[in-house]
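Each residue of the sequence shown is one higher than the last, beginning at 1 in my numbering.
If you're looking for bench data, these hints aren't it; they were derived computationally from the structure.
Any given hint might turn out to be false.
Straight line, CA to CA, 20 Å or less: simulated SDA-like cross-link-like pairs of lysine to any residue [as the list claims (entries may be wrong)]:
#, residue 1, residue 2
1, Lys393, Gln143
2, Lys158, Trp94
3, Lys346, Pro317
4, Lys298, Pro317
5, Lys399, Gln143
6, Lys366, Ala142
7, Lys298, Asp329
8, Lys366, Asp196
9, Lys407, Asp362
10, Lys298, Leu314
11, Lys298, Gly339
12, Lys366, Thr398
13, Lys366, Ser381
14, Lys399, Phe378
15, Lys399, Leu147
16, Lys298, Glu324
17, Lys298, Ala275
18, Lys407, Gly287
19, Lys237, Ala215
20, Lys356, Cys303
21, Lys298, Thr322
22, Lys46, Arg157
23, Lys46, Asn222
24, Lys237, Asp362
25, Lys393, Lys346
26, Lys46, Gln192
27, Lys366, Gly287
28, Lys356, Asp279
29, Lys393, Glu193
30, Lys158, Asp196
31, Lys366, Glu244
32, Lys237, Glu210
33, Lys46, Arg186
34, Lys298, Gln107
35, Lys356, Asn117
36, Lys46, Glu200
All values derive from a computational prediction rather than experimental measurement.
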Amino acid sequence: MKRCLAWILVLASLCSLAACAAGTQNGTQEPGTADSPDTKGMLLAKPELPQTVQRPNFEDYEAKDGTLDMEAYNAAYEAWQDDRTDRLALDDGWSHGMQSFFLTTSQQYLAGTDGDNRVYSPLSLYLALAMLAECTDGESRAQILSLLGSESIEIQRKKASALWSSTYCDDGQTKCLPGSSVWLNRDIDFRQETMDALAEHYHAASYRGEMGSAALNEALQNWLNEQTGGLLEDAVKNITLRPETVIALVSTLYFRAAWQNEFYAGATRSDTFHAPNGDVTCDFMHGGDAAGYYWGEKFEAVCLRFDMGGAMWLVLPREGHTPEELLTDEEAQRFLASGGDWANCKSRTVNLTLPKFDVSADFDLKDGLMALGVRDVFDASVSDFTPLAADAKALAVTKAQYAARVKIDEEGCEAAAFTVIGVEECAMVSEVIDLSFDRPFLFLVTAENEQPLFAGIVNNPLD
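Construct the complete structure from the given sequences, taking the supplied hints into account.
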């Protein structure tokens, strides 16, 4: 019987999210499409997306007699490759800071699942928090920047812009699409410089409408479904904004990739997966290709490359250990942040047995963010949202919702995620204090002009 334990799935956020595979899968709407009619009436501004050189197909350079114009094809391929290289160079080293953020947040959001599947996108969460930092100041901003690993908002802008631009890919065959949007209350006058920063550094589209209305909620849901290829429709149905909402910050990520070496569908067969809560029967894919085999004291790992770059790292705990344990293991953490630069590695023919899966998660981010040090934005009495509006008082984050889904089969991987952060105007509710004058006390009577008229001590109210 095969030894099959839970797998930690580390998607291309650890290597190159820039490479995703082609083709629209059956039943999946194409992400990144034009705005639906109900959003156009609310659209204030839409960012200009990068233009990527289209990846050439052999059939486009084949003559009727079957001959191939290799000179033209090679020229087109070289242009595509140069564009791809230039796009990846936009990262300029900024992505290294994502590794620390990933390791910190993964311990918070992947651990303690009680046997349930859990998945999240570090990049989607990172960009949403970066936009929230733009809307805050003072200690509220400092707490967010500390989690993001940035010393200032100026550095954070460079990081976010570089990550967004180097990740984006839509060359006709490949798709890796980060998306951002802000949803504004039509009754609030927002500071233009903040809106400009969100558009420039985070490529955020902006929409304005009546918060809490069916029209705005439908528009937001449609936008989320468009950006995530319809993969998260069930979770999207639960995303609504209340009338008290001042602004909603939304980050999405859509990813589709084909394996560099696809699994042979004829070799897929049912077998037993040893889940924490009991054995289950599922379909396993089988492959035997040359691959890098990695290991540590508590784990074994293999890297499955995607076509034209990027990878899925699969980490298997050794017998007696769990994925949650690896999240806090020093050696495993170093491996997850290594990007494959690992001493314990050999190139071997790996006979891989991998279950097909379709895992999803939908959860609230608040408790996790507070545990990670982001606290003030959730408390209207101390939060600082002054960059939002001149009268930005008593504002707090009241919604921090997240959803993600990852599925793999013989052909490749498809995944999507969204993060929605809602900021509302909150009534300042004072702390309730029980005060009983049941022991001696001092009193002071003052006039309208605050002059003291009488003062005394009551030691016995009956005397």
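For each hint, the structure was consulted:
The straight-line distance between the Cα atoms of Lys393 and Gln143 is roughly 19 Å, inside the 20 Å bound, and the hint therefore holds. For the hint pairing Lys158 with Trp94, the CA-to-CA distance comes to about 8 Å; that is within 20 Å, so the pair holds. At most 20 Å may separate the alpha-carbon atoms for a hinted pair to count; Lys346 and Pro317 meet this at roughly 18 Å. Taken as a hint, the Lys298 and Pro317 pair is honoured in the structure, with Cα atoms around 6 Å apart against an allowance of 20 Å.
At most 20 Å may separate the alpha-carbon atoms for a hinted pair to count; Lys399 and Gln143 meet this at roughly 18 Å. For the hint pairing Lys366 with Ala142, the CA-to-CA distance comes to about 17 Å; that is within 20 Å, so the pair holds. The hinted pair formed by Lys298 and Asp329 meets the criterion: a straight-line CA distance of about 9 Å does not exceed 20 Å. With a CA separation close to 27 Å, the supplied pair Lys366 and Asp196 exceeds the 20 Å bound.
This hinted pair checks out: Lys407 and Asp362 have alpha carbons roughly 15 Å apart, not beyond 20 Å. The hinted pair formed by Lys298 and Leu314 meets the criterion: a straight-line CA distance of about 14 Å does not exceed 20 Å. About 18 Å separates the Cα atoms of Lys298 and Gly339, which keeps this hinted pair within 20 Å; it holds. Between Lys366 and Thr398, the direct Cα distance comes to roughly 9 Å. Compliance with the 20 Å bound is thereby established for this hinted pair.
Restraint check for Lys366 and Ser381: satisfied, since their Cα atoms lie roughly 17 Å apart, inside the 20 Å limit. As the CA atoms of Lys399 and Phe378 are separated by approximately 9 Å, the hinted pair is consistent with the 20 Å bound. The hinted pair formed by Lys399 and Leu147 meets the criterion: a straight-line CA distance of about 19 Å does not exceed 20 Å. For the hint linking Lys298 to Glu324, the alpha-carbon distance of about 12 Å falls within 20 Å, and the restraint holds.
A C-alpha spacing of about 18 Å is found between Lys298 and Ala275, which places the hinted pair at or below 20 Å, so the restraint holds. A hinted pair counts as satisfied when its Cα atoms are at most 20 Å apart, and Lys407 with Gly287 qualifies at roughly 18 Å. Using a Cα cut-off of 20 Å, the hinted pair Lys237 and Ala215 holds, with the two alpha carbons roughly 14 Å apart. Restraint check: the Cα-Cα separation between Lys356 and Cys303 comes to about 16 Å, which is no more than 20 Å; the hinted pair holds.
Between the alpha carbons of Lys298 and Thr322 the distance comes to roughly 9 Å, so the proposed pair stays at or under 20 Å and holds. This hinted pair checks out: Lys46 and Arg157 have alpha carbons roughly 19 Å apart, not beyond 20 Å. Straight-line distance between C-alpha atoms of Lys46 and Asn222 comes to about 16 Å, which keeps the hinted pair within the 20 Å bound. The suggested pairing of Lys237 with Asp362 holds, with an alpha-carbon distance near 12 Å, which does not exceed 20 Å.
About 58 Å separates the Cα atoms of Lys393 and Lys346, which puts this hinted pair outside 20 Å; it is violated. Straight-line distance between C-alpha atoms of Lys46 and Gln192 comes to about 15 Å, which keeps the hinted pair within the 20 Å bound. With a C-alpha separation of about 41 Å, the suggested pairing of Lys366 with Gly287 is violated against the 20 Å cut-off. For the given pair, Lys356 sits about 16 Å from Asp279 by alpha-carbon distance, which is consistent with the 20 Å threshold.
Of the pairs offered as hints, the one joining Lys393 and Glu193 holds, with about 18 Å between alpha carbons and a cut-off of 20 Å not exceeded. Proposed proximity of Lys158 and Asp196 is supported: the alpha carbons are some 15 Å apart, at most 20 Å. Distance restraint check for Lys366 and Glu244: the Cα-Cα separation of roughly 18 Å lies within the 20 Å cut-off, and the hinted pair is therefore satisfied. As the CA atoms of Lys237 and Glu210 are separated by approximately 19 Å, the hinted pair is consistent with the 20 Å bound.
Between Lys46 and Arg186 the CA atoms are separated by roughly 17 Å; this keeps the pair inside 20 Å, and the hint holds. The straight-line distance between the Cα atoms of Lys298 and Gln107 is roughly 17 Å, inside the 20 Å bound, and the hint therefore holds. Proposed proximity of Lys356 and Asn117 is supported: the alpha carbons are some 14 Å apart, at most 20 Å. The straight-line distance between the Cα atoms of Lys46 and Glu200 is roughly 11 Å, inside the 20 Å bound, and the hint therefore holds.
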